[in-house]
Amino acid sequence: MKGLIFSVKRYSVHDGPGIRVTFFMKGCPLACKWCHNPEGISPLPENMERVSRIGAGEIRRQEKIGKYYQIEDVLRILEKESIFIGQSGGGITFSGGEPLFQPDFLLEALKACRAGGYHTAVDTSAYSPARDFRAIIPYTNLFLFDIKHLDDSRHFEFTGVSNAGIIENFDTLLQEGADIYARIPVIPGFNDSQDHLRRLKAFLNDRKSSSLKMICLLPYHRPGSSKYGKLGIPLEMNGLKPPSEKRMNELKEYFSDLGIRVKTGG
Amino acid sequence: MILTERVKRLRERSLKAVETLSAERARLLTCFYKSDEARELSAPVRRAKAFEFILRNKSLYIGEDELIVGERGPAPKKTPTYPEISLHSGEDLEILNSRKKISFRVSDETRNIYRKEIIPYWKGKSNRDRIMSLMSPEWHKAYEAGIFTEFQEQRAPGHTVLGYRMFRMGFLDIKNEIRASMADLDYYHDREAYRRLEELKAMDIACDALIMYACRYAAALSELAEKEKDAVRKGELEKMAAVCRKVPARAPGTVHEMLQHYWFIHLGVITELNPWDSFNPGRLDQHLWPVYKKQKEEGSLSDEELYELLGCFWIKFNNHPAPPKMGVTASESSTYTDFCLVNLGGVKPDGTDAVNEMTYILLDVIREMRLLQPGSMVQISRKNPDRFIHRALDIIRTGFGQPSCFNTEAIIQELLRQGKSIEDARNGGASGCVETGAFGTEAYWLTGYFNLPKILELTLNNGYDRRTEAQAGLKTGYAGDYKTFEELLAAFRTQVNYLADIKIRGNNIIQRTFAEWLPAPFLSVLIEDCIRKGTDYNDGGARYNTTYIQGVGLGSIADMLTSIRYNIYESGRISWKEMNEALNADFEGFEELQHDLIHDTPKYGNDDDYADRQAVSVFEIFYDAVCERPDARGGMHRINMLPTTCHVYFGSVTGATPDGRKAGRPLSEGISPAQGADREGPTAVIKSASKIDHLRTGGTLLNQKFIPRFFEGTDSYDCLTALIRSYFALDGHHVQFNVVSASTLRDAQKHPELYRGLIVRVAGYSDYFNDLGEDLQNEIIMRTEHGST
Numbered sequence: 006m007k008g009l010i011f012s013v014k015r016y017s018v019h020d021g022p023g024i025r026v027t028f029f030m031k032g033c034p035l036a037c038k039w040c041h042n043p044e045g046i047s048p049l050p051e052n053m054e055r056v057s058r059i060g061a062g063e064i065r066r067q068e069k070i071g072k073y074y075q076i077e078d079v080l081r082i083l084e085k086e087s088i089f090i091g092q093s094g095g096g097i098t099f100s101g102g103e104p105l106f107q108p109d110f111l112l113e114a115l116k117a118c119r120a121g122g123y124h125t126a127v128d129t130s131a132y133s134p135a136r137d138f139r140a141i142i143p144y145t146n147l148f149l150f151d152i153k154h155l156d157d158s159r160h161f162e163f164t165g166v167s168n169a170g171i172i173e174n175f176d177t178l179l180q181e182g183a184d185i186y187a188r189i190p191v192i193p194g195f196n197d198s199q200d201h202l203r204r205l206k207a208f209l210n211d212r213k214s215s216s217l218k219m220i221c222l223l224p225y226h227r228p229g230s231s232k233y234g235k236l237g238i239p240l241e242m243n244g245l246k247p248p249s250e251k252r253m254n255e256l257k258e259y260f261s262d263l264g265i266r267v268k269t270g271g
Numbered sequence: 021m022i023l024t025e026r027v028k029r030l031r032e033r034s035l036k037a038v039e040t041l042s043a044e045r046a047r048l049l050t051c052f053y054k055s056d057e058a059r060e061l062s063a064p065v066r067r068a069k070a071f072e073f074i075l076r077n078k079s080l081y082i083g084e085d086e087l088i089v090g091e092r093g094p095a096p097k098k099t100p101t102y103p104e105i106s107l108h109s110g111e112d113l114e115i116l117n118s119r120k121k122i123s124f125r126v127s128d129e130t131r132n133i134y135r136k137e138i139i140p141y142w143k144g145k146s147n148r149d150r151i152m153s154l155m156s157p158e159w160h161k162a163y164e165a166g167i168f169t170e171f172q173e174q175r176a177p178g179h180t181v182l183g184y185r186m187f188r189m190g191f192l193d194i195k196n197e198i199r200a201s202m203a204d205l206d207y208y209h210d211r212e213a214y215r216r217l218e219e220l221k222a223m224d225i226a227c228d229a230l231i232m233y234a235c236r237y238a239a240a241l242s243e244l245a246e247k248e249k250d251a252v253r254k255g256e257l258e259k260m261a262a263v264c265r266k267v268p269a270r271a272p273g274t275v276h277e278m279l280q281h282y283w284f285i286h287l288g289v290i291t292e293l294n295p296w297d298s299f300n301p302g303r304l305d306q307h308l309w310p311v312y313k314k315q316k317e318e319g320s321l322s323d324e325e326l327y328e329l330l331g332c333f334w335i336k337f338n339n340h341p342a343p344p345k346m347g348v349t350a351s352e353s354s355t356y357t358d359f360c361l362v363n364l365g366g367v368k369p370d371g372t373d374a375v376n377e378m379t380y381i382l383l384d385v386i387r388e389m390r391l392l393q394p395g396s397m398v399q400i401s402r403k404n405p406d407r408f409i410h411r412a413l414d415i416i417r418t419g420f421g422q423p424s425c426f427n428t429e430a431i432i433q434e435l436l437r438q439g440k441s442i443e444d445a446r447n448g449g450a451s452g453c454v455e456t457g458a459f460g461t462e463a464y465w466l467t468g469y470f471n472l473p474k475i476l477e478l479t480l481n482n483g484y485d486r487r488t489e490a491q492a493g494l495k496t497g498y499a500g501d502y503k504t505f506e507e508l509l510a511a512f513r514t515q516v517n518y519l520a521d522i523k524i525r526g527n528n529i530i531q532r533t534f535a536e537w538l539p540a541p542f543l544s545v546l547i548e549d550c551i552r553k554g555t556d557y558n559d560g561g562a563r564y565n566t567t568y569i570q571g572v573g574l575g576s577i578a579d580m581l582t583s584i585r586y587n588i589y590e591s592g593r594i595s596w597k598e599m600n601e602a603l604n605a606d607f608e609g610f611e612e613l614q615h616d617l618i619h620d621t622p623k624y625g626n627d628d629d630y631a632d633r634q635a636v637s638v639f640e641i642f643y644d645a646v647c648e649r650p651d652a653r654g655g656m657h658r659i660n661m662l663p664t665t666c667h668v669y670f671g672s673v674t675g676a677t678p679d680g681r682k683a684g685r686p687l688s689e690g691i692s693p694a695q696g697a698d699r700e701g702p703t704a705v706i707k708s709a710s711k712i713d714h715l716r717t718g719g720t721l722l723n724q725k726f727i728p729r730f731f732e733g734t735d736s737y738d739c740l741t742a743l744i745r746s747y748f749a750l751d752g753h754h755v756q757f758n759v760v761s762a763s764t765l766r767d768a769q770k771h772p773e774l775y776r777g778l779i780v781r782v783a784g785y786s787d788y789f790n791d792l793g794e795d796l797q798n799e800i801i802m803r804t805e806h807g808s809t
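So the sequences go chain by chain: A and B. Each residue of the first sequence is one higher than the one before, starting from 6 at the first, in my numbering. Each residue of the second sequence is one higher than the one before, starting from 21 at the first, in my numbering.
There may be inaccurate statements among the hints.
What the hints assert, rightly or not - Examples of chain B residues toward chain A, derived with CB under 8 Å:
(1) Glu612
(2) Asp627
(3) Ala704
(4) Lys707
Unchecked claim - With the Cβ distance kept under 7 Å, some of the chain B side facing chain A (calculated, not the full set):
(5) Glu72
(6) Glu611
(7) Gln614
(8) His615
(9) His619
(10) Ser672
(11) Gly701
(12) Pro702
In case anyone wonders, no lab produced these hints; they're calculated from the structure. A virtual CB, placed ideally from N, CA and C, is assigned to each residue, including glycine.
Isolated chain B (complex conformation) (with noise of 0.2 Å):
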C-alpha cells in the first residue's frame, strides 16, 4: 500500500495542526443549563438534552480532501473541555497554554469566555468539586502522598470499546429497542420503573440528536456538493452526503458507511463527556471484513478507494488529542494521546483462528500511516498462523511501538473468570494500554494507580509520609522494629489493606456521583444490556460492570523488598541503621552502599527465584486488598498491572528506596523489572514476569527494549515469534518492544528538532519522544538494551 497524496496532505495537516483549547463546548453546556429548558428535568433527560444542544449546535468540519467527517472541537486538534466534570481555572489556562510539554494553545478570546461565562456559572460546581468535598480526611492524605491517583476527577468513566453489535444496526433499530423496553416496563413489581422510563427517554433523546447531527453534515456537504467545481471533489461530495444520510440512522452496508457510522458513534461518546481513554472501534478487522469482503465480491470497492478510505479514517483519531489535564492528572498521565487501541486477529465468537484479508490491510495502514493515534495491538491466539506475527513484527521493527502483542487465550481466561460468557469473551479485547474487556457489554472503569513503593517506605517510617508532613498510612512501627523480614511484610500488607479501602471506599462513592449526577444516555445506548435494564451505563447498566486499581511500580517494589531480605535480615551485612542513613542522605556519602545494592543484590526480572517471589507476595497482597470488593454498580474491584506514564509521578514523590535507587527517579513500570535491573536477557525476564498470575488481572504490562540487530535476518523473526508464543504458554497477558538504539535517543535528546517524528514505546502506549519529560526520556534510555553485547 502506498499512500495516496489526499492522505499525505491529510496527515500532514494533522501532523502541523496546533492544540489548541476550544470553548465551544463549555459554552454551548453552559448556555443549555442556564436556559430554562434545562430546569425541573430528570438528570438523564438533562443530560441527552445537554448532548442534544452541543450536537445541534457545535460548528461542522469539512476539511479540503476529507472523505470522512466530524471533528470533536470545531476543526482538528481544537479540543473541547468539559466544565461539568473538572473546571479549568484562569490559571489553569495560563498554565496549559505556556507550558513546555504538552501544552495547549489558548486564545485571549477563549480567556474572556473562560472568564465571563464558563467559570462563573461552573465554580464550585464541577462533579470535581464534588468528589473533592466528599472525600474523607484519609483519602486526601494519600492522595496528596502520591499514594493513589484518580481518574475520575477530571474525565468521566470510559474505558469501554464498541461491540460487533452497533456496527450491525443503525440507531433507528436502537430507537426501536428502547420502545421495546419501554412498552416491558414492569409499573406493578418494580418500583424502579420509572427511573427506568426516564433513562430510556434520554436514550431515545440521544440517539435522535446523533441522527439529527450526521444530517446536518448532509446537509452541509449537499450545499458544498452544489458550490463546487471540481466534478471530482462534487461528485465525492454528493456521495459523502447520501452516506451521512444513511447512517447512523441506518445499519452501514459498504466500507465507507462502516467508518462514517463509527465516526459519528465516536464523536458521539467524546462530545457527551469525555470518558477516559477515549473510545474504541475494537476489533476493527472483524467489523470491516464482511462488509468489505461483499464489496469485493460485487467489485464496487478498488483496493486504491479502501486504502484511501482507511487512510481519512486513520487521520480523524490522530486530530484528537486527550482533553486539556492540570494539576496531578496532568503530571501522572502526561501525553496528548487519548488511548484509541485498534485490536487486529484473535479469534472469533465460535473460536476459530479470526485472522483474515481485513486484518493484513489494516497491518499495512498501521505501517505507512504511522501515527500516534489510533493505536494498535494484535491479538495473537496459538490458533493464529506465524505469518501474522511475522507481518506485526515487520512493523514493530521499524521502532515507533505499534503494534502491541497481546494473548488472546490469557484475555479470554481472564473474562471467563470474571463471569463472561465464552462468546462475549471472544468477542473481547484489550483497550486503553493493557485493559481487558468484554466488547460492546463491559463497563470496566479504571479508577486510579496505586504506589505499592510509597506504601513500602510509609511502612518503614510509621505510616508517616515526610515530603508531605502528613500520617498517610497507619503506626504499624519503624523499619527497625520489625524482627524478622516476615513481619515487615505483614505490616506492609497491613498498610496495604488500610490504603486500599480508602480508595474503594473513595471509588464507591466517586461511582454514585457519575450514576446519579452524570448519567451518560448515548455511551449507554452502545454498551449492552443498558437499554434492556433502561439503567445508565454509569450506573451498572451494562451486562459485565468492573472496576479496576492499577498497581504500580511491581519490579521497584520486588527489588527494594528483595534488597532488604537479602542485606538486612539473611546476609546482616547491613544493618537498618546504616540503610536508613543512606536512604536518608539520598546516599550522598554512601556509593560504596549504594553499588552493592544495585550490583551486588538480587533482582526481579533475572529469573532469580530469590527475587522473583518478592514480585509474588506483593501481587497477591495487593490482589487480596482488592480484588472482589464490590463496587457501586453492581460490580467489583478487581486490579490490573499498568502505570501509563504514572511510574514517574510516583517516582517523584517517592524518596530514595533500598534497591539503590535515588529520591525523586521514575520507579519500574508495569510489570517490567525496575531499569537497568535485568541483566539475563528477554527471556530471564519472561520467566520472572510469568511468576505472578496474570489471569486473575485485568492486564499487565510487559515492556521489552531491542535494539534493531535483533530483528535482523529471516531466523530473527522466528526466535521472537518463539519469544512471545513462549511467554503467551507462560499466561503472559501482553508483551511490546521498543526497537531503537539508545546512542539515537541520547542524540534525540540533544537535538530535539532533528526527531520531530521519532516515536517511541512508553508504557502501553506510544508517544513522540520530544514530546516526554526529560525524566522520562532519560528513564527509556535507561531500560536495558537487550542484545547491545
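This is chain A alone, in the form it adopts within the complex (with noise of 0.2 Å):
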C-alpha cells in the first residue's frame, strides 16, 4: 500500500509532544482561503517551478510536489530518528493536506507504527466519513483537532465544506475517550470576532472532559505566496496580516480560565 506524500520533516516539536516526524500527506477536500500548504490540495503528484541562484544568474527546474511512499519508507525514517524521539517522548504525526483525504494508507500506517512502539499523532481537519474516522481512532495516541468555525455557513464560505460532520466527529472522540489538542487557527476577520471567540469558549466548556489535554491557538501567518503562483492557485487573502503576538496573548488569557491547557503555536 502507499500514501502520496509532499514533504516529511524531522525534527518537528510543534506538531504533538517530543521530537517528532511529521508526514505531510497530499490532498485535501477543504480549499481554506488562508491554507499556507497549497502544496498538499491537490491529491495527485503535481510540478512546481524550483528557482535557484547560481552566481548571478538562476537557474529554473520543474520539481516534483508528492512521492509515493510505502508504509515499509515510513517505517524507515522514523527508525533513523529513534534515538530522538525515545530522548524526548516524541513519535510520528500525520498532517496534511488532510491525512483522511488517503484512509486506507493512514490507517495500515498508524497500525505499523503503533505496531513498532511509536507514538502516533493526526493532524486533522476531520472532514471525513464517520467509518474512515471511528477507524483509526485505536491506532491514534493523538488528535490534533482543528476548529476552524462553529457557524457552518462561515465555515463553508471559507473553507468550502459543512463543519456538521466535523462536530460529530468531535463527539465520537470524546465519547470514545481519546486525547485531544483542539487547534484553533486565529485568522483575522474570520474567526476572531468577540462573538465567535464567546461560541468557541461555551462550545469548548461543554466538552471539557479528561480527553480534551491543551487549546492550541494558532496564528495565521502569510503562506509562501511565491507557492501560490507557482502552483497557479489563487490566493485570495492576499494582504492579511498576521495577528500579533499582544493579540495572541491575549486570546491566550480569555481561554485560560477554562482549566484547559492553552499553548499558542504548535
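Using the hints, build the complex out of the two chains.
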C-alpha cells in the first residue's frame, strides 16, 4: 500500500509532544482561503518550479511535488529518528493536506507505527466520513483537531465544506475518550470576532473532559505567496496581516480560565 | 544576579580599552639575554632567570575599582610580544597597526624600541627562524601550498589546563616537592640525573619568582592603601594586599584568595611564554565549591561580595587579547580570543554528578557578564540533571554562543582509550575550542590544521599545486587516470600518508627545539609529574603527552568525493573532462552543471549513508595516517576535527571543487556539513555527524545554527535537551548553538556601527561579528538556519 506525501519534516517540535517526524500527506477536500500549504491540496503529484540562484544568474527546474511512500518507507524514516523520539517522548504525526483523505493508507500506517511502539498523532480537519474517522481512533494516541468556525455557513464560505460532520467527529472522540489537542487557527476577520470567541469558549466548556488535553491557538501566518503563483492557484486572502503577539497573548488569556492548558503556536 | 556598579564600570573600561602592542616584555627579555647573568647557564635555568627578571621589573597595574590584580602587559589590552618565539619585523608592526581587523596599536616609541633593541638582537635567532631553517623542502612546499599550518611557529606549546592540585597548594608547598625530588635524584644509575637537577633548580627559581611578583603587588597595594582617603577603598586595598601576601605562596582558603591565586598562576604561564590557548582554570565550579561552601557556612562571604569578585575575575580574562600574530597564522587564526574555556558540570573524580550550587552561580556570571573571554562550556553527563541543561539553554538562547555543550562520557572514554586513569579522565574536560585533555596532568599539543580537501585537489592533479606552482604532493596521477572510485580513494590515501609523514617529521623536530631551547620551568611545576620526573613540560615531563593534528573540511571533502562517486563513477552523467573544464573555469559558463552539483547531488549532513560514508572513509584514512605515531616527547600523535577559523584560510588556497563550491570560498568547519548542504534539519545533521567514531579523536566540533523561535516555549527546552542528549548517546563529542537570525546578521554587515556588541559563535569559540572578515561573516550567514521555514 502506498500513500502520497509531499513533505517529511524531521525535528518537528510543534505537532504533538517531543521530537516528531511529521508526514505531510497530499490531498485535501477543503479549500481554506488562508491555506499555507497549497501544495497539499491536490491529491495528485504536481510540478512546481524551483528557482536556484547560481552566481549572478538563476537556474529554473521543475520539481515534482508529491512522492509515493510505502508503509516500510515510513517506518525506515522513523527508525532513523528513533533515538530522538525515544529521548524526547516524541513520535510520528500525520498532517497534510488532510491525512484522512487517504484513509486506507493512513489506517495501515498508523497500525504499523503503533506496532513499532511509536506514539502516533493525526493532525486533521476531521472532514471525513464517520466510518473512516472511527477506524483510526484505536491506533491514534493523539488527535490534533482543527476547529475553524462553529457557524456552518461561515465555515462553508471560507473552507468550502460544512462543519456538521466535523463537530460530530469531535464528539465521537470525546465519547471514545481519545486524547485531543483542539487547534484553533486564528484568522483575523474570519473567526476572531468577540462573538465567535464566546461561542468557541462555550463549545469547549461544554466538552471539557479528561480527553481534551490542550487548546492550541495557531496564529495565521502568510503562506509563501510565491507557492501559490508557482502552482497556479489564486490566493484570495493576500494582504491579510497575521495577529500580533500581543493579540495572541490576549486570546490565550481569554481561554485560560477554562481550566484546560492553552498554548499559542503548535 | 545583577552586576554591581563597580563591575559595570570595569566591564565598560575593558570593552573600551584599545588593543595595543607593548614592547615591555620584549625589552626586559632582551636586556636579560644580553646580560652577563644569562651566560653559561643551562637552558632551563636561563629561562627561569629570564622569567624572574621579567617579573621583577615589569610594571604593576592596579586599576581603579579592581579587586583582583595583575596584567599580562603594563595595562589592560596592552599585549606583550615574545621575540624568542617569533620576531615581529618593522613591516609586521605596520600591518598590525593599520589592518582593519584584529589590529594592535603600535606607538612610535614601540617601533623605535623594536628597531633599535629588539630586532637587532633577535633577528635570525627566534625559534621561528630556527624552525623554518630546520624544515625540509617538502615541508615548506606543503606549508606554502596551504596543506597544513604550524602552531608552534609563532606560539609556544600550551593547550593545558590547571588541575585540582594547584588550587589546593601554595608555591611554598611546591618548593618542598621540588626539594624532595632533588633529594631523590639517583646519581648512581640515572645518567639524566644532572639534567634533572638543572630542571628542578629552574623550577625552584620560577616558584620564587611568582611569589616575589605577588609580594611586589602586596607592597604596592599597601602603599596605595596608606594614601587612600576613601575609607571603603582603603579597606579593600588593605585586604587585597593581605591576599597577595598569602597567595600564591600558601594555599588559598577563601574565594577571593583562590581567584587571585589562580590569576597569578595564569599571569605566570602567559608571561613565561605565549602558549596557545593562553591558560585555563578548567573545572572552576569544582575548584571554588569547597571554599565557597565553607565561607557560606561561616557567613564570611555575602552573595554580593561573591558575585563582585567573580565579575572582577571575569574581566581579567577579557583584558587579555591573544598575542599579535603575523602571516599565515594571522589569517588562519583571525581573532583576539585567546581561548580560555571555563568548564562547568560533568562528573566528580568518583564518577558522581558534579553539578553544584557554584555551577549555577557561574552560569549566572556568564550570562550577566556577557564577555567573549573567558569562553565557557557545560560538560553534560548523563548523570547531570535536565535543569542544568535548561539553565545553559537560557544563556545560549540569548545568542552569544556560550556556553557550548560537551559530552562528559565521550571525553572520559576518549581519555581512557588513550591510557589515562579513570580519576584523571574524570578530572578532565575540554579546552581551547573542543580539545580533550586530562586537566593538570597532560601536555596536549596542537600542532597544525590539515587541509583534507586540498589534498584531494592535489590527488586530482598529479600532486601538483597550481596556485604555488609546486609539486606539493606525490605523482599519483590525474583525475581522468583513476578508473574507479576506489582507485581514486587509494591515491588520496597515498597522498594523505605522504603529507602526514612530512608534518609528523616536522613536528618531531619542532618539539625538540622547544625541549632544548625553550623549556618552560614555570608551566612545568603546574602540571603533574614534571617535578617528580625532573623533566620539563616541553620535554615530556607531564604524566600524559599527546600531539594532535587537526583535520579540517570533513563536510566539504565528503561532498567532493560523493559528487565524484555519484556524478562521474556511478551515474556517469558527467565526465571527468567536463568536470575538469568546469573546475578550471571556476564554473563560469558551467552554471547548469554547478547547479546539479549543489542541488541534485547527495550531501553529507542529511543522514544519507550514500554521502556520509565518504566522510567516514576520509576520517579513517586521516586516522590511520596520524594516530599512534610517536612524537618527540614520549607521547603519541592523535587527531581531532576542529578548524577555529582555518577553514576560511584553507578555502582561500583551494580551487573550485567537485561539490559545486567556487574557488576560494570557505571550507566546511569542524565536522559540520558544508554551508547550506544540510536540508533535513538538526536531527539529520546529528545522525550524519555521529557516523564517524568520535571516541577515537581528541575532540570534534559540530556547529548548529538555530533561529530564536526554536528556543521559545517551555517544550522547546525539553526538545533541545533531548536533541543534545541524543547526540551524546551517539557518542558525539560537542555541539554548539548559534542563535541568531540571518536578517540580523545581514543588517549587522551593512551597519556594523549598530552591532558593536553582537557576538556570534564562530567555530569552537565566540567572537564579535564586526571583528570577523567579510568572508567569515558571509559564511556564518550562509549556514543553514534550522527551522527557518
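Right, here's what the structure says about each hint:
no. : hint   : in the structure
1   : Glu612 : 6 Å, holds
2   : Asp627 : 6 Å, holds
3   : Ala704 : 6 Å, holds
4   : Lys707 : 6 Å, holds
5   : Glu72  : 55 Å, violated
6   : Glu611 : 5 Å, holds
7   : Gln614 : 6 Å, holds
8   : His615 : 4 Å, holds
9   : His619 : 6 Å, holds
10  : Ser672 : 19 Å, violated
11  : Gly701 : 4 Å, holds
12  : Pro702 : 5 Å, holds
The earlier numbered hints that this structure contradicts are 5, 10.
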